[in-house]
Amino acid sequence: MSNTLNPRETADPRQKRPAAAAGPARTEEELTRAIAAETGAADFTYKSPRRVEGSIPEQDLHSFAAAMYSRVGFEHLSAISCVDWINDGEFELVYHFWSYRDNCLVSAHTRIDRAAATMATITDLWQPASFFERDIHEMFGVVFAGNTDLEKYILTDWDGPPPMRKDFVTRKFAHEHFHYKDYEPDWDELVQGGYHSNRGEGGTNG
Amino acid sequence: MNTSLLLIIPLAGFAVSALLATVSRRTMGIGKAVAIAGFTVVAIVAMAARQEINFTVTGSAIPGWTIQFGLTNLSWYFVLMIAAITWLTTFFSLGALRDGKTYPMFYAWLFAKTFGMIGVLLARDLLTFFILWEIMSWATYFLMQQGTDTARRASTSYLVYAIAASMILFAGVIFLYRASGSYDFTRVAATVAGFETGTLITTVVLLLVPMLIESAVYPAHWWLPPAYANTETGITAYLAGISTRIGVYGVVIFLFTVFGPGTMAKLSVGYHLNLQVIIMALAAFTMVVPTFTALFQHDAKQLMTWHSIGQGGYMLMGIATASSLGVAGGLFHVFNHMAYVSLIVFSIAAVEYRTGTTNLNSLGGLIKKQPVAFLGLLFGIIGLAGIPPMNGFVSKWLVYRSLILGGYPFLALAAFIATLGTILSVYKLIHNMFLGQLPERYNEVKEVGFLMQLPIWILMATVLVTGIFPGLILGWVAQIQISLGLEPIAYTLTGVSPTVGQLNMGVITSVFAATFVLAALIFFAGGRRRHVSQYNNYAAGHFVTKEVKYNFNYNFYSAFDHIFEHRFHNPPVKRGEGALVALLERASEFARRIYTGRLNTYLAYSLAAVVLAVVILKEVL
Amino acid sequence: MNSVNTGIQLVVWIIAYPFIAFTVGVFMGGYGRKFTARLQRRVGPSWVQPFFDVIKLMRKRTNISHGYMHDVAMMMLVGGTIMTLYFIPVPGFTYFAQYGDFLVIAYLILVPSLGMALGVGETANPNGSIGIARALQMLAGYEVPFVLTFIGMAMLNGTTSMLDLVRIQQSGGMATWGIVTNPLLGIAAVMALQGMMNEKPFEVIVAPHEIATGPMTEMGGKYLGMMFIQHLINLFVETTIYINLFLGGAQNWVELIVKQFILFTLILSVNGVFGRFRTDDAVRFMWKVPLPLAALGVVGIMLGIG
Amino acid sequence: MEKRLTQRSAWDKVLTNLQKRSLWMLHYCTGCGAVELPPTMTARFDMERFGIMPMVTPRQADILLITGYLSVKTLKRVVLIYEQMQAPKYVVGFGSCTINGGMYWNSYATMKSLDQYLPVEMYLAGCMPRPEAIISGFTGLIERIDRGEANTWEDYYKNYEFYRKNQEHLFGSIETNVDVVGDRQYYKFTEVQQ
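Sequence order for the protein chains is Y, E, L and H. Residues in the first sequence are numbered from 1 upward in steps of one, following this note's numbering. Residues in the second sequence are numbered from 1 upward in steps of one, following this note's numbering. Residues in the third sequence are numbered from 1 upward in steps of one, following this note's numbering. Residues in the fourth sequence are numbered from 1 upward in steps of one, following this note's numbering.
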């Protein structure tokens with residue numbers, strides 16, 4: 001019985017309710033053991049109260065996420081963030097999973113190549129994840145294979161390079177792109193004297 | 001003899017144009033020429049035939065019946081209106097019935113209907129009245145057929161009501177003939193005076209009910225909107241203008257000549273519920289309910305037909321008060337209604353001719369393309385809403401004053417509620433059609449030709465002039481009141497004489513003009529005006545573009561919809577009628593199955609009949 | 001109400017009357033804004049702030065117009081209100097009141113609202129059209145009880161002329177005031193007046209947050225100036241109508257202005273503390289409270305006790 | 001940099017003296033400045049003493065108050081609203097973001113100085129000016145109107161090409177349906193050559 005509203009429903013691996021849904025909240029150590037057992041990712045460690053952290057290779061992140069959802073009980077993907085390690089030539093994508101039962105945040109770090117900058121999409125598991133992916137695509141230029149609607153929604157009129165990359169120097173761009181005024185002691189007279197201000201002698205009109 | 005011309009010319013016209021129509025479809029041109037010639041002659045004769053003369057056509061097959069025709073003040077007043085409206089409608093149709101829209105029998109039925117109506121007006125005896133009433137009903141039925149195919153279905157609903165009315169009228173005529181031995185009005189009136197209340201009530205029912213059905217009074221008004229709204233718009237103006245008002249003539253002629261003015265009050269049925277109160281209650285319902293139904297229509301012609309029912313309520317109310325002011329108001333309102341309703345419907349026709357639709361949700365901004373039609377509609381709605389300086393105000397003022405001083409406060413309130421409903425719905429009409437943003441598709445719309453504009457200009461002049469100088473028409477109305485045996489209204493050229501009330505339209509209009517000039521001076525004291533395009537408009541920082549439909553037309557009075565919970569969309573009476581129609585359909589469906597038209601079924605029936613006959617005969621013998 | 005004036009005195013009155021009404025309207029408008037400000041513990045603008053607003057609006061360099069109907073409608077708006085002014089009897093000037101009774105005035109009041117409706121329709125802005133639809137529905141709301149109160153008064157005194165009504169009310173001093181002889185009609189009329197003057201809670205027509213000041217959305221410069229002039233004169237007109245019907249008219253201008261300000265203060269105090277009704281709730285209120293009250297009063301009159 | 005002294009007739013002076021006491025303000029609440037206006041309008045500072053009232057649509061407003069940074073997308077809407085306003089109109093830049101970009105001086109998204117895109121009548125310095133600053137700013141504006149010097153709005157029509165070029169540099173050409181060149185003939189201004 002395919003759900004006409006959400007065609008992706010049939011292909012959703014999370015058919016059955018998460019096994020560990022019921023029961024008391026687990027401590028961070030119990031969680032690390034549960035993650036290791038269920039998903040096979042060994043290096044998840046305690047980071048701080050209610051924070052568990054670990055790294056995952058790029059190619060098996062998708063299966064890790066599906067397992068976290070269905071078997072470990074982390075139904076909520078709260079965010080995907082991106083860090084630009086320009087010196088290592090890599091982007092680091094951090095997926096933040098949250099569990100209502102355990103009130104604990106598990107953040108999975110994964111590194112992808114900076115030049116190629118492609119990653120498998122996760123929207124088949126979480127529909128809203130497409131917004132995180134569109135945001136990262138806009139700001140960093142990472143292409144998420146499989147995500148169909150990757151067009152801009154914050155920088156609608158923007159045709160410059162992705163602005164959050166380290167190699168994008170905002171000060172130089174602002175200096176060239178926008179008009180601005182150098183400091184002038186009686187600048188307010190210039191403007192308010194009913195006489196038009198200096199015609200952009202300050203910033204370049206580029 | 002010239003008054004008889006009023007009858008002969010329409011009959012001859014009918015014969016000629018019917019002949020032309022059957023000869024070939026392409027002779028619309030000649031048909032139009034014949035129509036214009038015929039109706040202009042009728043108009044001239046109507047104007048000339050002022051004096052009251054009677055003539056009789058002796059020798060007829062039916063015993064005791066001599067056809068008597070006679071022109072009284074009242075009938076002359078209506079004949080004049082019929083002549084004017086038919087002349088204007090023909091003029092309008094010359095322009096409207098051009099490219100492609102050819103109704104061959106159009107002018108034939110128009111002549112026939114005019115003959116029927118004038119005949120009813122001139123008839124001085126009951127049987128002639130009835131026969132010509134039949135001719136008029138059938139001519140109306142065929143005239144309504146000229147239009148969309150829904151027109152045919154809608155006109156059958158009119159036919160059902162018309163036949164019912166005629167049958168009751170016929171029963172009344174026969175009943176009175178047996179009671180008084182003759183059909184003549186005066187002889188019948190003498191015998192009716194002798195009736196005691198029992199038979200008087202039956203005669204009242206038999207004579208008045210058909211008139212109320214014909215003038216679409218409240219419970220029997222359901223046939224009018226679909227029938228009038230689906231025919232060719234030129235005819236809608238003609239029908240809404242004058243055709244329903246023959247019922248009002250019938251009510252006046254029966255109430256005041258056959259029954260005499262006093263009978264209305266003395267004929268009491270129950271506690272102190274006399275005939276007058278019943279008619280006034282019906283009139284009040286006719287005023288309020290159709291006007292508020294018109295509020296929620298989203299088709300211009302439907303909206304106007306509902307209004308013409310509502311205005312009928314004012315006429316009936318005025319006549320029912322039987323006071324000099326009230327009857328004058330009612331009769332004057334017949335003339336005003338004829339003027340501004342036909343003006344409005346001609347303007348709607350001009351818009352429909354150019355844009356092809358009268359759907360209020362899709363029109364808009366046409367003032368830029370059809371200013372003459374806008375002016376016509378503006379004058380018309382000011383008249384319909386009864387706002388000075390147009391003529392509608394004077395007759396409504398007369399009706400209000402007679403109601404208030406006659407001691408009927410809540411009927412006066414009902415009349416005022418109807419006026420408010422009218423103001424709301426007429427603004428929706430002019431706003432959705434002419435104001436607001438002009439949609440892209442109507443960019444090439446042009447003004448209508450001179451032939452179609454002429455009726456609009458003439459009627460605009462009439463509405464304004466009779467508004468400023470109501471005395472012109474009140475003069476005729478006063479003479480009618482005298483001939484009906486009522487106390488005539490004390491009128492002056494510009495309003496009502498101070499002895500009767502404070503109304504001087506001349507002063508009101510001059511003050512209106514003076515203050516308008518003063519306001520114009522204040523306006524021009526400001527800076528110069530800067531005309532901008534309709535897309536240069538405030539949209540909260542959004543860019544208004546051509547693709548966006550930036551008009552508020554749909555569900556214009558949503559607050560009233562909440563208050564009345566859509567009650568006016570399909571009131572209970574309509575559901576009752578629907579149930580009746582459904583019953584009729586099932587019955588006819590059953591009958592259809594019997595007459596299957598195949599030979600063997602008929603053989604079977606005859607065999608069965610033979611067997612049955614044998615069985616019965618065996619029993620009997 | 002002294003004798004009907006003729007000749008020079010009449011001409012002077014005809015010319016001066018609109019300007020007198022405008023000035024009184026300006027002071028009433030200024031007083032209104034000052035009163036509302038003081039309710040909110042604010043200093044409030046100057047006493048003649050509406051005068052400054054009108055001057056500024058009339059001196060604007062751009063006056064955006066959307067068509068000739070837009071201009072003509074503004075003239076019809078102000079012309080209609082000034083015309084209604086002439087037919088209302090005031091101390092010293094009753095010449096025109098003998099040519100038009102209250103029914104005429106009830107219809108003349110509709111001319112400015114029709115003028116505004118046509119003008120706003122021409123500006124082709126949906127905010128304006130929604131505002132006008134609300135204004136007309138509100139009109140149907142408050143006009144019904146108000147006219148019923150008038151019908152009651154007219155039936156009681158056997159005349160529809162406002163001149164006679166005022167004369168009858170002044171015959172016996174305060175005891176024969178309309179509001180004293182039949183209080184039900186008087187109270188119902190005050191509630192209807194609150195709606196007629198577009199004061200909160202019946203101010204849904206120009207709801208700034210929802211429909212960007214409704215009819216005034218596309219009005220700027222002298223067009224808005226004309227609407228302000230009409231609004232100020234309208235304050236004078238509507239209060240004088242109520243005074244002539246229920247507070248016994250006025251023998252001299254001081255009495256008239258004092259009564260106007262007292263009545264206006266009552267309306268302003270209601271306006272100062274109320275929110276804003278939705279359109280259908282406002283119309284329901286008008287038909288649920290003032291209308292039955294007025295009907296009761298009229299029935300009382302018909303049965304002779306009123 | 002000569003100051004244009006406008007010779008004005010006595011009648012004009014009197015009317016301007018009356019006209020200055022009624023100013024209607026359309027505050028375009030972008031950025032964080034809008035929160036300073038409620039205290040300015042309510043009981044403590046009461047802007048209405050000077051006849052200044054907030055108004056809803058550009059057609060009725062004299063002052064366009066830009067209360068904070070303007071991103072490229074919002075600048076498009078501000079230009080449309082400014083062109084829809086009726087002259088004489090005064091743009092008041094509110095806060096340091098409109099003067100030289102404020103704390104967003106190096107942002108890639110916000111414009112840095114308002115008077116490149118719209119003729120600005122007055123700036124209110126401060127990283128959100130307090131109500132006292134707003135009141136003193138407006139009273140200063142009222143005096144300038146009284147002296148007849150508050151006509152920077154004419155600059156938009158005289159140097160329209162300059163402003164349009166800067167605007168198109170940021171967000172390309174937009175169709176505001178406002179015929180600004182036609183307005184220039186309406187006001188009988190002559191175009192100042194660059």
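Bear in mind the hints are in silico, worked out from the structure with no lab data behind them. Among the hints, a few may not be true.
[Unchecked claim] The calculated lysine to aspartate or glutamate pairs, modelled on DMTMM-like cross-linking and capped at a C-alpha distance of 25 Å, are:
| hint | chain 1 | residue 1 | chain 2 | residue 2 |
| --- | --- | --- | --- | --- |
| 1 | L | K200 | E | D561 |
| 2 | H | K165 | Y | E151 |
| 3 | H | K73 | Y | E53 |
| 4 | E | K368 | H | E175 |
| 5 | E | K549 | H | E154 |
| 6 | L | K200 | L | D280 |
| 7 | Y | K172 | H | E175 |
| 8 | H | K76 | H | E132 |
| 9 | E | K368 | H | D179 |
| 10 | L | K288 | E | E589 |
| 11 | L | K259 | L | E210 |
| 12 | E | K546 | H | E175 |
[What the hints assert, rightly or not] Now the stretches of chain H that chain L is said to cover, found in silico as 3 or more residues with beta-carbon under 8 Å:
| hint | region |
| --- | --- |
| 13 | 56-68 |
| 14 | 80-88 |
Here a beta-carbon is modelled for each residue, glycine too, at the ideal position from N, C-alpha and C.
Hints and how they fare:
| no. | hint | verdict |
| --- | --- | --- |
| 1 | L:K200 x E:D561 | 23 Å, holds |
| 2 | H:K165 x Y:E151 | 28 Å, violated |
| 3 | H:K73 x Y:E53 | 39 Å, violated |
| 4 | E:K368 x H:E175 | 23 Å, holds |
| 5 | E:K549 x H:E154 | 34 Å, violated |
| 6 | L:K200 x L:D280 | 15 Å, holds |
| 7 | Y:K172 x H:E175 | 31 Å, violated |
| 8 | H:K76 x H:E132 | 31 Å, violated |
| 9 | E:K368 x H:D179 | 20 Å, holds |
| 10 | L:K288 x E:E589 | 50 Å, violated |
| 11 | L:K259 x L:E210 | 35 Å, violated |
| 12 | E:K546 x H:E175 | 12 Å, holds |
| 13 | 56-68 | holds (count 5) |
| 14 | 80-88 | holds (count 3) |
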